[in-house]
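**Student:** Position chain B against the provided structure of chain A, taking the given hints into account.
Here the protein sequences come in this chain order: A and B.
Heads up: the first sequence runs through residues 20 to 232, numbered per the working numbering.
Heads up: the second sequence runs through residues 2 to 257, numbered per the working numbering.
Just so you know, these hints were derived from the structure itself, not from any lab.
In this text the structure is predicted, and so the values were computed from the model without any measurement.
Beta carbons are placed, not taken as given, at the ideal position from N, Cα and C, and that holds for glycine.
Don't take every hint at face value.
Simulated restraints on C-beta separations [stated by the list, open to error]:
#1 A:D171 x B:I52: 33 to 39 Å
#2 A:I102 x B:I52: 23 to 29 Å
#3 A:N87 x B:G111: 24 to 30 Å
Stretches of chain B that chain A covers, calculated by requiring three or more beta carbons in the stretch to come under 8 Å of a beta carbon on chain A [unchecked claim]:
#4 22-29
#5 68-78
#6 114-123
Pairs of lysine-lysine residues, derived as BS3-like cross-links and limited to a Cα-Cα distance of at most 27 Å, are as follows [stated by the list, open to error]:
#7 A:K136 x A:K89
#8 A:K59 x B:K20
#9 B:K98 x B:K33
#10 B:K219 x B:K79
#11 A:K89 x B:K101
#12 A:K59 x A:K175
#13 A:K59 x A:K136
#14 B:K23 x A:K89
#15 A:K59 x B:K23
#16 B:K20 x A:K175
#17 A:K175 x A:K136
#18 B:K79 x B:K33
#19 A:K208 x B:K20
#20 B:K46 x B:K219
Letter by letter, the chains look like this.
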Amino acid sequence: MNIRTIATLLLMMACLKASASVGLKLAHFDPRGDMGQYFKNTLSYEVYYSRDYGDSPFRGRIGLFYANMKPRLDSFPVYDVRIDYSTSTNTVLPGYLAYERYRMMGMYIDQSVRVFKRENFSAYAGIGLAVGYLEEVYDYGIESSIISSGADHTYKIGGLRTYAQAGYMLTGHIQLCAELMHNWLTDTKWSGNYTHNTIGVGFYYYFNSQKYQ
Amino acid sequence: MNKPLYIALFIILLSGCKKVEKDVRNYYPEVKTTSVEQLPDGTVKVTGEIISAGNTEIYFAGFCMDTIPMPAMLSNQKEVEFLDGNRFSVIYDELNKTRKYYFRAWAANGNGYDIADNDVSIDSVTISSSIIPCNPGLDSITFAAGPSIRHERYLDISNIEQGQGWNINMYTYQSSSVYLTFARRPISGVYEIVSDISGNTFTAELMIDGYQADAGAKVYVREIDANEIEITICDAKVYDDLFRKNTISTRFRTRY
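The following block holds chain A by itself, in its conformation from the complex (with noise of 0.2 Å):
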């Protein structure tokens, strides 16, 4: 299922109900739990169909993300360990890790709560589940070790979101947003923790206008 097949089912669920929505996020991310050593903060963006409840509080998002992530170091300085145990001794080998490609992309699906609302303002606190692949091409290599360098791994990643998210509604279909949100994911293999945390700006545009309802 490609991009433009997925877009294209969003703008049929979305036709499909008065209160539906479509948008895209901008966002601050930075990389915390394992990534945060090796990572600089980057961009991430978001693409969703939202969908709310008639005078519900509630309303539903189903999204896709992806971060694209540049080292913070050329090169890291690691090291292993060769131990001797004829002379109970350690030789601590050097070694580095330098990273190609780090990438993370999947899709998401959430639900918030309105917890303000006044005029055309509304403030929410969300909750959801994210699924998806962390794509990692790295260069790696220990002095004086048989250990060989060079990986190309993609591992399975999902996790919970949560988020606080305000709203102004611009016109009847055009919502404005700034949003808070707090990721932690891990994996199928390794349980690695990563953890991030992104702050971005997007929109959501409601096919049928707002302004009555």
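**Tutor:** Just chain B, lined up with the frame of chain A:
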């Protein structure tokens, strides 16, 4: 789900953040090489300092050594057994007087390692005469026990040759024979007389008139120049030519 539950979940997840260091160098240790000093026994004590441990504890620390500046981490690497606060030291032995040696500190924590930007160096490494507890005359041997103290002088001293060990043969004018064998090529340092040198690097065997000396005495080796060494042995327990218990002290010079 109700609103309080949402808010509680939000707070719980936010609280799971792991601290990210603003400066990536803060993840790694920072270390410097502080000093080097020659000890009286001809060994060298090198000291380093952990300027910063990084954001985990220090797992390993030590030094590397070479005869060229800024030695690489795997060159004659030695690991320290413990840290004394932020300082750490190791002893290097088996150093040659005629060479200059460079030392550089390193440390590793849970994230990675750091090797010091600076090195320290030392040359003319030899043992101090102050640690030699006796002062026999050069090229002499003294039998100290028995009814009378006997001094003899060497008539012939061979060069050091490698056979089954590094051997020196000496004969006195009175025909006493001294046979000294080192387990390794002798350079500045303190060696111990043992009954079997095999596998013991800093040891030597001593034979007087065909009888093996008891283990325990020290052999002090000082390098005079690139090819000449001076050897002093103090109060080694031996049997003399009449198979009497005796002790000898001797000093002589020989060449490679």
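**Student:** Does each hint fit the structure? Answer for all of them.
**Tutor:** Comparing the hints with the structure gives:
In this structure the hint that A:D171 and B:I52 lie 33 to 39 Å apart at CB holds, the actual value being about 37 Å. Between A:I102 and B:I52 the beta carbons are some 28 Å apart, a value that agrees with the proposed interval 23 to 29 Å. Taking the beta carbon of each, A:N87 and B:G111 are about 28 Å apart, inside 24 to 30 Å as hinted. Proximity of the segment 22-29 of chain B to chain A, defined as three or more residues with a beta carbon under 8 Å from a beta carbon of that chain, is established by the 4 residues found.
Given as covered by chain A, the segment 68-78 of chain B passes the check, having 3 residues with a CB less than 8 Å from a CB of that chain where 3 are the minimum. Coverage of the segment 114-123 of chain B by chain A holds. Counting CB-CB distances below 8 Å, 3 residues qualify, and the rule asks for three or more. A threshold of 27 Å between alpha carbons decides the hint, and for A:K136 with A:K89 the separation of about 39 Å lies outside it, so the pair is violated. Taking the CA atoms of A:K59 and B:K20, the gap is about 14 Å. The hint holds against a cut of 27 Å.
Proximity of B:K98 to B:K33 is assessed by CA-CA distance (about 25 Å); at most 27 Å being required, the pair is judged to hold. For a cut-off of 27 Å, the pair hint linking B:K219 to B:K79 stands: about 26 Å separates their Cα positions. For the hint pairing A:K89 with B:K101, the CA-to-CA distance comes to about 44 Å; that exceeds 27 Å, so the pair is violated. For the hint pairing A:K59 with A:K175, the CA-to-CA distance comes to about 22 Å; that is within 27 Å, so the pair holds.
Simply put, A:K59 and A:K136 have alpha-carbon atoms about 36 Å apart, too far for the 27 Å limit, and the pair is violated. Of the pairs offered as hints, the one joining B:K23 and A:K89 holds, with about 15 Å between alpha carbons and a cut-off of 27 Å not exceeded. At roughly 10 Å between alpha-carbon atoms, A:K59 and B:K23 fall within 27 Å of each other, so this suggested pair holds. Pair hint B:K20 plus A:K175 holds up; C-alpha atoms about 24 Å apart against a cutoff of 27 Å.
At most 27 Å may separate the alpha-carbon atoms for a hinted pair to count; A:K175 and A:K136 exceed this at roughly 38 Å. Of the pairs offered as hints, the one joining B:K79 and B:K33 holds, with about 15 Å between alpha carbons and a cut-off of 27 Å not exceeded. Proximity of A:K208 to B:K20 is assessed by CA-CA distance (about 23 Å); at most 27 Å being required, the pair is judged to hold. In summary, the hint linking B:K46 to B:K219 is supported, as the alpha carbons are separated by about 21 Å, within the 27 Å threshold.
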